[in-house]
Amino acid sequence: PKPGIPYFHTPHTIYKVMRKIKHNKFRYFLAGAGVIFLIALATTAPVRNAATTEVFHTQSELDFFVTHGISLNMPPEDSTRIFGSSSYCSGCHGYDPNGFAMTYGEGEEVNIHDDWSSSLMANSAKDPFWRAKVSHEVLVNPGLADQIENTCTSCHAPLGHYNAFFKDQLPYTMADLHSDTLGLDGVSCVACHQLSPDGLGTTFTGVMNYDTTGVLYGPYEDIYEGPMKLYSDYEPVYGSHIGQSELCASCHTLIVETLDLDGNPTGGTLVEQATYHEWVNSRYNFEEKECQSCHLPQINDSIIIATGYAAFLEGQAPFGIHDLVGGNTFMLKIMKEHADALGIDATPEAFDETLAKTYSMLQTQSLDTELQLDMIQEDTAFFSYKLTNKAGHKLPSGYPSRILYVEFEVKDDAGNTLFKSGQTDANEQLLFIDPNFEPHYDMINAEDQVQIYEVVNGDVNGDFSTLLERGAVILKDNRLLPQGFKRSHYTYDTVKIAGAAEFDGNFGPELPADKDFPGGADGSDIIKYHVPLNGYSGGNISVTASVKY
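Just so you know, my numbering puts 267 at position 267 of the sequence shown, and the rest follows in order with no gaps.
Wrong hints could be hidden among the right ones.
Once the Cα atoms are required to be at most 16 Å apart in a straight line, the calculated EDC-like pairs of lysine to aspartate or glutamate come out as [claimed, not checked]:
id, residue 1, residue 2
1, Lys420, Glu409
2, Lys386, Glu370
3, Lys167, Asp211
4, Lys496, Glu510
Everything labelled a hint here was simulated from the structure, so no lab data went into it.
Can you build the whole structure from these sequences, using the hints too?
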């Protein structure tokens, strides 16, 4: 025990005895007897140190331990188990009622389970937009239902999918998912921590190599492995790959087979998304700034990473906060509002924290903007609006429904709008845009023109399509490039620019390498606005430019 921390039996001393017992059934019998003893304690007075009469386990603490210990930490009964759900982890890596574990500073809470629980990763299998999109693809191509659903679940429900894979029970379909608690756990703890380092960064579209030898990889070399081994049957080991971007590659690079309009394979493919390769083709890869640097940010405080062992566990540093935030506030709000209907366990407070951190990432870490008045000549005002991407990938990235657009408004002295590009209705739907998609602009001089950064796909005939299975060509990709992006890079075939942006000299101009910059695109785009003033003169004009995601 450490000075000032009373104890009677630490988990360490209990574990040393348990290790001497080799027979699993007898070990589980003793563990069960211990739980019964704890239940008995929980129904009596708080436990006291006999020498000091100091109360160090309150009734509520014991209630918490009994509830979580029985429901979450009992060893598994299935000797053929390949994956454990997040419930195996939350008992020790969740909230600590004593306030010792996973806190820092003035007691700020950073427990792994609760931070993860309200992320899109945790709820990837319950995402109603994803489910609707899978349904859409299947309705159009019913003969390929098993193939489509099997591919989609490999990333959105990896534990259920790969549990079926190892038991030779593929395809793993949406019907399988809906009745499978393991699949519904989404991208949970072992979905990342059980990934083998072998082949990382070389397999895509949900193809993953899981280590099934009973180990979990983590970022620390000095590990006290006893409690995890006892309670979850996993052995924690050091794996440097857990902090590398390659860990994300398999699901964040998705290449789908192309079908013709009759649903027949063409032999071609379409890059649906390639966030990992966008990072590879950036300065951040050159500078070894990994995906985890932003999406699992580290603090240098020494953090005790498991509850119940404060008497002997040393703190670990640095510690990665498992917020796993991106930019999708829209879906987070839906999940919070409809948590019961979607079967989501995260608390409203957890969602509020995730939303706040998502807004912070969008507003402070994703983009720099600069608005400049070039001149006013006769009846026209000329402006330049520069956007510079600060993300480690294209902006926006990921699934092709995501857009970034610019709202540009000019008003007179009385507050009357003289010009506005990027007008929306009450539901924030863009008005006056072209059917299917708006082209990329170098210069905007009319209100029915708006700059939208997006990727747009076309079918085998080159016609606009939102069906992934029919995607054959990219009609437009003017998403803001990451800094250091090179058109000569070997990944360019998966991350290429498409449409008018390819010929826009103000879009991602390439800079030479120097001691601080590896060369490549500066990550910017400059939009020229030529605003007709319609006879307004003699007063001031006010100009506002906003970027909406």
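For each hint, the structure was consulted:
1. Proposed proximity of lysine 420 and glutamate 409 is supported: the alpha carbons are some 4 Å apart, at most 16 Å.
2. Between lysine 386 and glutamate 370, the direct Cα distance comes to roughly 5 Å. Compliance with the 16 Å bound is thereby established for this hinted pair.
3. Proximity of lysine 167 to aspartate 211 is assessed by CA-CA distance (about 15 Å); at most 16 Å being required, the pair is judged to hold.
4. Restraint check: the Cα-Cα separation between lysine 496 and glutamate 510 comes to about 14 Å, which is no more than 16 Å; the hinted pair holds.
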